[in-house]
Amino acid sequence: MPAPTRTPLAALAAGLLSSATALVLTAAPASAEQVGADRGAAGALLSAAGTAAEQQRATDHWTPERMRAAVPADVARPAVRGVRAPAGAAPSVARLAPGRRTAAVAASDELARGQRVAAPTAEPVGVRWSQGGAVATATGRIFFVRDGESYVCSGSSVASANRSTVVTAGHCLTEQRADRTPADSTEVVFVPGYADGEQPHGVWPVTVLAPAPQWRDGAQGTTEAANHDVGFAVVAPRADGKRLADVVGALPIAFDTPPGQRVAVFGYPAAPPFDGARLQHCRGMRFANTVPGSTVEGVNCFMTGGSSGGPWLSRFDGRTGTVTSVVSFSYEGADQVMYGPRFDDSVRALHASAGR
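Residue numbers are given in the working numbering: position 332 of the sequence shown equals residue 328, and the series is strictly consecutive.
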């Protein structure tokens, strides 16, 4: 079976046109097995490590050395040459520095070649979060394997009936191969509160993956698929029976929230100038993407590969907030702006299905 050849949103563009819009995904994934006909609006649930032996194998796989070596999959991809940002993207914002961009992926005309992407004029840069609080314990790194290589994303524990649910980006859970067959992540674990290699709350093997069906089954790289780059992962309880939320808490999650809210964005960017060792954050106002057909929202925030799946917190009070989106992608040439999917009714249904 052929392996994935590009980061998730790349599957849409067979031809790399010099005038095409490019996206920079802030991580990427690998391979699992579908377990259910639990489809419909909520989508299928996928088995990641369904047995105790599989869970132990996933946990044992992630030695400290492998965690340090894990990279955002987009960093391993060659950059697409000759592409440019949408015309007028972040017009008053200077680049932070040359060479800080993660690998680009080509986008099709559907992602509006030459369309203007609105953005505020401020340019927040991810800075280390050192204030503790619920966000620091509930947010962590997601490690997974694809084609024998080690990769990393971000995610956070969110409130759910099973008290074992993590929200992240859809492309951290699954992507499509060149022939559009799904390649789902394996050996997936969640490490909440990760800091400088320390695992203060343990390593939690993931038993179920629940990517949005519009992402997994859609034409990845199209605007419609990008609108649904979100998913949930369910982790196994500890040996003592305690569930994730019992140990690290769970951030509230909300759906169909009003646009234009101020948010705090968290994640573990691992590509330069960051190293993935510590939780980083930005703050800013959400704003609509003007690309036709897009429902994602943007925020002025510069974080690099590895931050994918990190939570966007509305009503953040300095310790906690409500998850209303996750880090998904940025545009080539305008990577000081990050975009995330709106949590609509389909995400509500997906959360309920995964978290029951």
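None of these hints come from the bench; they were simulated from the model. Heads up, some of the hints might be wrong.
[What the hints assert, rightly or not] Just the calculated beta-carbon pair ranges, DEER-fashion:
{"no.": "1", "residue 1": "Arg173", "residue 2": "Glu220", "range": "16 to 24 Å"}
{"no.": "2", "residue 1": "Gly144", "residue 2": "Pro196", "range": "26 to 34 Å"}
{"no.": "3", "residue 1": "Val123", "residue 2": "Ala215", "range": "15 to 23 Å"}
{"no.": "4", "residue 1": "Arg344", "residue 2": "Ala284", "range": "17 to 25 Å"}
{"no.": "5", "residue 1": "Ala174", "residue 2": "Gly289", "range": "22 to 30 Å"}
{"no.": "6", "residue 1": "Glu145", "residue 2": "Ala273", "range": "31 to 39 Å"}
{"no.": "7", "residue 1": "Ala284", "residue 2": "Gly129", "range": "41 to 49 Å"}
{"no.": "8", "residue 1": "Pro196", "residue 2": "Pro255", "range": "33 to 41 Å"}
{"no.": "9", "residue 1": "Ser126", "residue 2": "Ala235", "range": "38 to 46 Å"}
We put the beta carbon where it would ideally sit given N, CA and C, even for glycine.
- Message: For each hint given before, does the structure comply? Return the numbers of the non-compliant ones in rising order.
- Response: Hints 3, 6, 7, 9 are the ones this structure does not satisfy, whereas the remaining hints hold.
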